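Turn these sequences into a full structure, and let the hints steer you where they fit.
Residue numbers (numbering that gives the first Met the number 0), protein chains in the order written: chain A, 0 to 188; chain B, 0 to 218.
Accuracy of the hints is not assured; some may be wrong.
[Unchecked claim] Here chain B is said to cover these stretches of chain A; the calculated rule only asks that three of the stretch's residues, wherever they fall, bring their Cβ under 8 Å from a Cβ of chain B:
id, stretch
1, 12-22
2, 25-34
3, 48-60
4, 155-161
5, 165-176
Honestly, the hints are just simulated from the structure, not real lab data. In this text, all values refer to a predicted model and were calculated from it rather than measured experimentally. Where is the CB? At the ideal position from N, CA and C, for every residue including glycine.
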Amino acid sequence: MSDDARTIARLLAGDAETVELTRSWIRSAFEPYRRRLAQELEDLEQEILLELTQALRGDRFQRRSSLSTYVRTYVHHKCIDRLRAGARREWLSIDDLDLPSHSPSPLEQLAETERTEVALRVFEEMSESCRELWRMLEQGLRYREMSRRLGVGEGALRARVLRCRKRALELRRKIFAPPRNEIGSPTTK
Amino acid sequence: MMPDRDAATDTTAIDCHQAVEFLPWLVNGSLEAGEDRALRDHLDACESCRGELGETVEAWGLATRHIPSLALAEFALGVAPVSLDCERIERHLAACPSCRGELGLIQSDGVVDFEIARTRRPAARRRRRQLPAWREWALAAAVAGVLATGGWTLLRLGPAPSPTAGHLASGSNLEGAEPLGPPRSEPPRAFHTGGVFSDGFESGSVVVWAEFETDEPPI
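Encoded structure:
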C-alpha cells in the first residue's frame with residue numbers, strides 16, 4: 000500500500016494524527032488568503048476537511064498527484080471561489096455550498112465545460128478595449144467612474160459598451176457557425 | 000445621462016435607446032436608486048428592451064467567465080486539469096489580469112513540492128512561470144523557513160543569468176534524482192505570475208526553478 004493510500008485509510012478511520020496532518024496542509028495552503036478571508040478561514044477549514052473526507056470516501060481522488068497536492072489544490076479552489084463570490088458581493092447560503100454528495104452529473108459537467116470553453120474563446124477573440132470595459136463592469140464601476148477613468152464622454156462610453164456586447168454575441172455565433180466548406184456540400188442545399 | 004425628473008409625478012421616464020445603453024450597469028448593480036427604478040419601470044413595460052436585457056446578460060456571461068477555480072488550482076500546482084486543456088488556460092491567462100492575479104495567489108502559498116518522477120517522461124510539457132521581485136523575497140523567506148525546520152531536500156542558490164533574474168535549483172540529493180544540468184536560458188513567458196518550473200523529466204530527476212521578473216505589480 001502506498002504512503003498516500005495509508006494516509007487516506009487513517010484519515011477516513013479518524014486517526015487524530017492524520018487529521019491534524021491534513022489540517023496542517025490545509026492551513027499552509029491558506030497563506031495567500033489570510034488577509035482577504037481572515038474571518039472565514041476557520042469555517043473554511045472545517046468545510047474543506049469535511050468535503051475532502053467525503054471525496055476520499057467516494058474514491059474521487061484520482062491519484063493524478065500526491066495527496067498533499069490534492070489537498071492544496073482543493074484549498075485553493077475553495078478560496079478562489081470564495082474570493083470571487085465576495086467580489087460579486089454575493090452571499091452563499093448553506094444550500095448553495097457545492098458539497099461532493101451533490102456533484103453534477105457527467106452530462107451537466109460536460110455542458111458546463113463546453114460553456115466555459117466557448118466563453119474563454121470569446122474572451123480571447125475580443126479586442127483588448129472590450130476586455131477592459133468588461134473588467135471595469137465586472138468590478139462594479141459606475142458609468143461615470145468608467146467614463147472618467149477612460150477619459151471619454153458618458154455617451155461615447157455607453158455606445159462602446161453596447162458595441163462590445165454585440166461583438167461578444169457575434170463571436171459566439173461565429174464559434175458555433177458551421178465551417179464555410181460545408182456550405183454547398185452534396186448533403187446540404 | 001438620465002433625463003430630468005418629472006416634478007409633477009416624481010418619475011423619470013426613459014426611452015428604449017437610453018434603456019438599452021444603461022443595461023450593463025443595471026446588471027453590474029451600480030446604477031443609482033432613481034436610475035435603477037426608471038430602468039426597471041421601462042423594462043416592465045417594454046418587451047423589446049427585456050429582450051435586450053437578456054442579450055446583455057448573455058454577453059456578460061461570456062465576457063466575465065474565468066478559468067474555473069479548480070482548473071486554475073490544478074494548473075498552478077502542476078496537475079493536468081481535467082476540465083480545460085493547458086493551452087486554453089495559458090491563452091486566457093495572457094489576456095486576463097484577474098486570473099493571473101489568482102494564479103499568483105495560489106503559487107505564493109510558500110510550499111514548494113518536490114515530486115520525484117520515477118519513470119522517464121517526455122520533456123514536452125514544460126511550464127515556466129515567473130515571479131515578480133516582491134514575490135522573490137516572499138518565496139526566499141518561505142524557503143528559508145522550510146530549511147530552518149529541516150526535513151526538506153537541500154536547495155542550492157544558483158547564479159542569476161541576468162541582472163533581473165534569479166534561480167533556485169534543487170539539489171541532487173533527491174531520492175532517485177540525477178545531477179542537475181546547466182540553468183535554462185530561454186526567454187521568459189509573457190505573463191508574469193508566481194510559481195515554480197519543473198524540468199528535467201527526461202533524466203528522471205525533477206529540477207525546480209523559480210525565475211523572477213520585476214514587471215508585475217502585486218495584487
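- request: Give me the numbers of the hints this structure contradicts, sorted from smallest to largest.
  value: 1 and 3
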